[in-house]
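*Asks:* The hints should help you fit chain B onto chain A, whose structure is shown.
First to last, the protein sequences are chains A and B.
Oh and the first sequence: position 280 is 279 in numbering that gives the first Met the number 0, straight run, nothing missing.
Oh and the second sequence: position 168 is 167 in numbering that gives the first Met the number 0, straight run, nothing missing.
Honestly, the hints are just simulated from the structure, not real lab data.
Remember, it's a predicted structure, so these values are computed and weren't measured experimentally.
Built from N, CA and C at the ideal position, the CB exists for glycine as well.
The calculated label-pair distances, taken between Cβ atoms and stated as ranges, are:
1. A:A177 with B:S259: 56 to 62 angstroms
2. B:V14 with A:D275: 46 to 52 angstroms
3. A:T306 with B:R257: 48 to 54 angstroms
4. B:K96 with A:P271: 46 to 52 angstroms
5. B:R257 with A:A123: 30 to 36 angstroms
Spelled out from the first residue to the last, the chains are:
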Amino acid sequence: MSEDGDICPICKSSRYLNPDMKFLVNPQCYHKMCESCVDRLFAYGPVTCPHNGCEKILRKNKFKTQIFEDVAVEKEVDVRQRVMSVMNKREDEFDTLNDYNAYLEKIEDSIFTLLNGTADEKDALTKEIEAYEKEHKAEIIANNKLRDEEDKYEQQKEDWMKEQRKANYLMAVEEQRAAQEDKEAAKRELVHQLATSNKDASSIEQNVQKTALKRSSARTVNFQPMPTSRYFEKVKKESSKPETPFTPFNGDRQIPALFEVQDHYDDKVIEPLAHDIQHQAGGFTLKAAYARILQQAFFGLGVDVQTELLAEENGNSNGTAVPVKTEEDPVKLEEPSIQVKVESTV
Amino acid sequence: MNDAVMAKYTKDKKVGEGTFAVVYVGKQVKTDRKIAIKQIKEGEFKDGVDMSAIREIKFLQEIRHANVIELIDVFTAGPRLSMVLEFLPTDLEGLIKDTKILFRLGDVKAWMLMATRGLHHCHRLQILHRDLKPNNLLISPTGELKIADFGLARQMPNPKDKMTPTVVTRWYRAPELLFGARYYTPAVDVWSLGLIFAELMLRLPYCPGEDDIDQIDKTFRAFGTPTEEEWPGLTSLPAYPKTVNKYPHPSVQELKMRFSAATENGLELFQAMTELNPADRVSCEEALTADYFTEFPRPTKLAELPGRTE
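Looking at chain A on its own, in the form it has when it is part of the complex (with noise of 0.2 angstroms):
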């Protein structure tokens, strides 16, 4: 380590003199001062950075110990993570895969920008980033998060590869062992059978081999499979196949209804109920009620139950298209004392 690297070029100390001397910089300058400095200088707020010509305003609590000992690739790394922070889009976003790779590079050129570029579009791409970081900020966090468990899952399967490497090579070992075992126990087998039986040489000598084949087909390595993560099931996208549009009813809204509330009806009996304390408390609206009213007494009309019938029979049957209807009787509900004065646009 060089000299000058082990003096504070503030107060001139040296590790010689303080073992325990620690660097630190400021990413607004990435001057580097000793700790001590770092309290003496900024404890009673921010102060102008002390090393000659530099006009920086520095706050104490953004020192930070220096990783890297080159200062640009200190700042590269802290830009990179700055930026990364805020444009972390996925892969799985991007209809093409030139698509991603425009976003990579715009990463890219910001980062450069940032790091070369005049103080002017330093300053406008600085602006730029905090806006958009305010705008998306449900995205970046959601996707950060995804991130964080992929990293997670990253490290379990590295984890994994190694144990299962592990168990495969004692899995092996121990396979060597037991098939030299198996060969020296066949062996011992002809010798004994050849010895004892009264059998054809040849045919004992098959039946040997037979059963040693057979027992050393028996021990078969079961390997595991793999733990999958659904973040890990890359989804495929056909970029050239447009999506269909939203629907937010699924095309089934509602058919434009036969009737039309009107704002005032001639009405003696549900009328006054907006006026009940208990009802109005409850959410009771004489246009909803009437709107309900109306709706109940046209429920099933505009319903051909006979073409329903032959489509269902037909197999194509389309529950979701065709009108409401229920068993509601309509009748019932046209109480003679509801005065409810229909104005159909039919």
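*Replies:* Positioned in the frame of chain A, the structure of chain B alone reads:
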């Protein structure tokens, strides 16, 4: 005829037992389609069948929608009533509690979309569900979400009809029900859906009250204490407590803190669904056209949703 219906299905294995029913899995003999048979237990009802079973059959027969459980058949075996239902192996509660599964923004959106579509269909058929909770939102093998358990469902009331306020599982109970309102609206279901939305984002129940009193306090703490001006008639509701703790309504900033991953449009929909005054709460139709559903990211496609088993 009853035996003929029964012969169409096989009963293979018992998979669950609740207070009211035993559930078996089986097959439709003709098509080999997997089905569930819900066999209603003989309850304390001396004459006739359990009320909730009647309700369930009555309403499920009317509803046919991709996001509502399908009732395929009904038959009786001896004194017991059996319902043949679509086979739905998973429910949303199980997914929420499974910490190994990470929910993406699009997943939550897809589930909310399917649940709202299903509820919208119930409401336009003038059916109140009155027991929406993650446990009752089932997931089909292909990932489709379906509303189930119509045991507390009811036809929307005629004017002047009183209804019981003791419906909906406590954590998902709308404030007007907590205060004992007897004339309530479909908005009670929308409230439950709003709390399910919050639970999907947080992976924890949003208002887990320990008892009815605590539920009111937790609700106010989460959404602010409403005033008589914001909600006319509030204080005259039968069970409105004499003293309530005053909490401020959470600001947009505060909500963003609570739901860090939610987008602004998502929070807007959540707020609209959990409006304290039921008259101000959105309807399902309005909720479906909210910007939340159209903004990025798109709702996750069925084939990529967690919880599917095929």
